[in-house]
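**Student:** Chain by chain, the residues run as shown.
There are 2 protein chains.
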Amino acid sequence: MAKLDYKPYTSTEIGNPEIQRVAPKVHVSTGNDKVVDSIEDVVKATVKDGMTISFHHHFRNGDYVFNKVMRVIIDAGIKNLTLAPSSLTGVMNDMVIEAIKAGTITNITSSGMRGSLGDFVSHGGLKNPVIFRSHGNRARAIEHGDIKIDVAFLGVPNADKLGNANGMAGKAVFGSLGYALMDAQYADNVVLLTDNLVDYPNTPASIKQTQVDYVVQVDEVGDPDKIGSGATRFTKDPKELKIAGMVNDVITHSPYFKDGFSFQTGSGGAALAVTRYLREAMIANKITASFALGGITKPTTDLLKEGLVRRVMDVQDFDKGAADSMQSNPNQQEIDASWYADPDNKGAMVDQLDVAILSALEIDTKFNVNVMTGSDGVIRGAVGGHQDAATSKLTIISAPLVRGRIATIVPDVTTVVTPGDSIDVVVTEVGIAINPKRKDLIACLSNIPGVPVFTIEDLQKLAEKKVGTPKPLEFTDRTVAMVEYRDGSIIDEIKEVKD
Amino acid sequence: MAKLDYKPYTSTEIGNPEIQRVAPKVHVSTGNDKVVDSIEDVVKATVKDGMTISFHHHFRNGDYVFNKVMRVIIDAGIKNLTLAPSSLTGVMNDMVIEAIKAGTITNITSSGMRGSLGDFVSHGGLKNPVIFRSHGNRARAIEHGDIKIDVAFLGVPNADKLGNANGMAGKAVFGSLGYALMDAQYADNVVLLTDNLVDYPNTPASIKQTQVDYVVQVDEVGDPDKIGSGATRFTKDPKELKIAGMVNDVITHSPYFKDGFSFQTGSGGAALAVTRYLREAMIANKITASFALGGITKPTTDLLKEGLVRRVMDVQDFDKGAADSMQSNPNQQEIDASWYADPDNKGAMVDQLDVAILSALEIDTKFNVNVMTGSDGVIRGAVGGHQDAATSKLTIISAPLVRGRIATIVPDVTTVVTPGDSIDVVVTEVGIAINPKRKDLIACLSNIPGVPVFTIEDLQKLAEKKVGTPKPLEFTDRTVAMVEYRDGSIIDEIKEVKD
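Residue numbers (the numbering used here), protein chains in the order written: chain A, 329 to 827; chain B, 329 to 827.
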């Protein structure tokens, strides 16, 4: 699976290459025999040793599909597969580890991994290095043929007998099918799994009958309560609220805060608080946004409903409120991962983005960001849309100076995921740091009441003062994962943790 | 342009081949410099001698885009182009003839042609044979690479600066962009022309920014009054009403007229009358349809509104009422030509169709249908979706026995477009003929009050009795056009008319 001609990362600039896209094979039929009730039969008909298989992660920790399918694949004795999901969530960890141990999975490319699987890989559990890719880079890799999906197993909360499906109706709704749309369009074999076979023809058809080979009826595709869990609480933490307030100040004092601006806030407590503050600032200044982008939460779709945002461009929904809104509000447009963020495109949404608020596990004095490895060197994160949204005109990293006894601002990040070149402002609870190359921002953000400006080196020293200097991490020489930049170059490697 | 390995038509059965699809080249950019106000600049940047260029015909006779663009291409002195539009309408004829005479266009593939252009080609005006393809076959040919579009010029009634566009809002609305969606997805260069540049981002985006290279601002893209003209009058002709009544009787006495059935009625006076009668029958029998398909008219969208049809699957709209309905009714799903009818697919809509009502210029005693050449042998028609929809379970040809002094039912059609194998019932004002291979239909349609049943030979003799035997047409040996069956095989050739 791994490319042999990896190039090191050099620049955030993509330039104007000419790209020959790839296309799938089509097994022609009239479509009348797609419905089956046995995962075993479909696996037997489609999956062979050495293939690349894929899944989406729109069900997040409510996912039942991955484990159902992998159980069958392991039991069938299939070996040497490349696993290429849009991402891996915690609920899949045990099954992935079992599949690796059984020799069923020998290669992985994903947006990220956490928990026991991250630990397993960081300790050398998988022979071949994992390839981590951003959502936009996965789209790019699929459209180039770097990832050639043989069989995609896609869970959906509704589908008709020919495979017309969406994520908006049924028991286990998740809204946008954004990441899965890539698999549906480019995989040679597309298998839908659903617990809700509806009348033909099913519309709106996010996935179309022209893309689907099999529709497997299963009892349940997901746990509705766990699909949107975790991400969308509104914070009451004073530190998070302080950071959110300063993020809002940075936005509103920047030249981008004007009628028709656009933003991506993401999920997490601080992000939701930013959205709330931003709402107040927009009302006070009579400013409306042209679009909100990204992973979408209810606070953002509320802005749409209120007329403060003209369009929501939606590649995934983080909660049921956002998912429900996609069904009812025609101004919430479902977009695929390519439209969202493929850098090798005729213009992706992220290329039009004014303001992005992103999180970080670590930021270093070169403004490089790590969202992948913990302070112990262990894999516990995901590239997600981080590298992609960081191409925005004003990219803000929102993070506390320290977390417990661990510094967030460090001399060198453990793993470079998003290059400092694409980061403009770091916001912590004590104040902000502006990337020196953004002289224009230094001018307009340096005199905001209540927003002290530091150099990034000063912030790093403040953090160090609080928590001291940690013992350097120890790794072996062995590479357990490679992190691609969104253009497919290698921006960093992750080494095996030495215990 | 022409393939060298043409196979003769053998069967309506497509079977289960495995097809490798093709994909376009992408010229990567952030999308910020797409808007230009000069067709000259775009033509200079994109069109070179020997290329294949395309247009859509959704504006029908209200189209301004084709002539604007072709004027520039001719004046630029570009030669040897293949013209591959979804179809050609009368308003384009003079310009096509001029382009042929100038050596600008040397090959054409189209759904059809009429008027002066049909006359010109039939009299040998174009050196290379025209290739006529159905809408589904054009989609197939594009997806296979038989048609490789270098530059697509697509007129739209709205677009934003990056090329997100639909056919539903603006001055020159036409509704579904169904045919043009193929060009947008597969052409190496996609040029939109619009008279209505709207705020970014524009949704719903039938054509997406990820597909578009240039957006050209022009004063007018089309004449709203001529987009929907002609096709949608409701007939008062007693003969047409009689035929429509019998078509309705055939449908309602067939085994397909049951809850959840599906139909395509097309346009034209008789078709609209059928839709009206069908409505009454559906109400009387408490039957609703699962979907109506095809080129859509207001009487069909009225059925949707009334709840008699559950979904309208819409590849083009024949009138403003149908176009407006697509904007307001979420159950009217825009479908591309591949989803509509590509035979090399994982199931197209036509594969699910119960009842299709189609027209004919001629039908012969083998049930073969000609919708391409007139009784004088001159090209004056279009394959359209005829071959495609004829795959339905009950395909009805609705046609008068004679037109003026010309028989419609003939011993041999001048040009075989749709093979008799896919035709089930012919309905004329004197009665019906059932394809003998459909013994099941003979049983259920033979005793309908007021619907006399004839053999097709009897109908042919009745027609001959009315109008006599025409002098045989005289052609030269030269082939001026080839008619493909929907699978890409050659079903017939059209010879040069001898004057």
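These are computed hints drawn from the structure, not numbers from a lab. This one's a predicted model, so the numbers in the text were calculated from it and none came from an experiment. One or more of the hints may lead you astray.
Pairs count within a copy or across copies, as identical chains cannot be separated in the list.
Unchecked claim - DSBU-like cross-link-like pairs, simulated, lysine-lysine; straight-line CA separation at most 30 Å:
#1 K476 - K353
#2 K765 - K476
#3 K396 - K794
#4 K353 - K721
**Student:** Does each hint fit the structure? Answer for all of them.
**Tutor:** Okay, the hints, checked on the actual structure:
1. For the identical chains of this complex, K476 and K353 are neighbours both inside a copy (11 Å) and across copies (18 Å), given an alpha-carbon limit of 30 Å.
2. Within a single copy, K765 and K476 get their C-alpha atoms no closer than 39 Å, and across copies no closer than 46 Å, so neither meets the 30 Å cut-off.
3. Taking the closest pair of Cα atoms, K396 and K794 never come within 30 Å of each other, the shortest separation being 47 Å inside a single copy and 70 Å across copies.
4. In this assembly of identical chains, the alpha carbons of K353 and K721 lie at most 30 Å apart only when taken from different copies (28 Å versus 39 Å within one copy).
The structure shown violates the earlier hints numbered 2 and 3.
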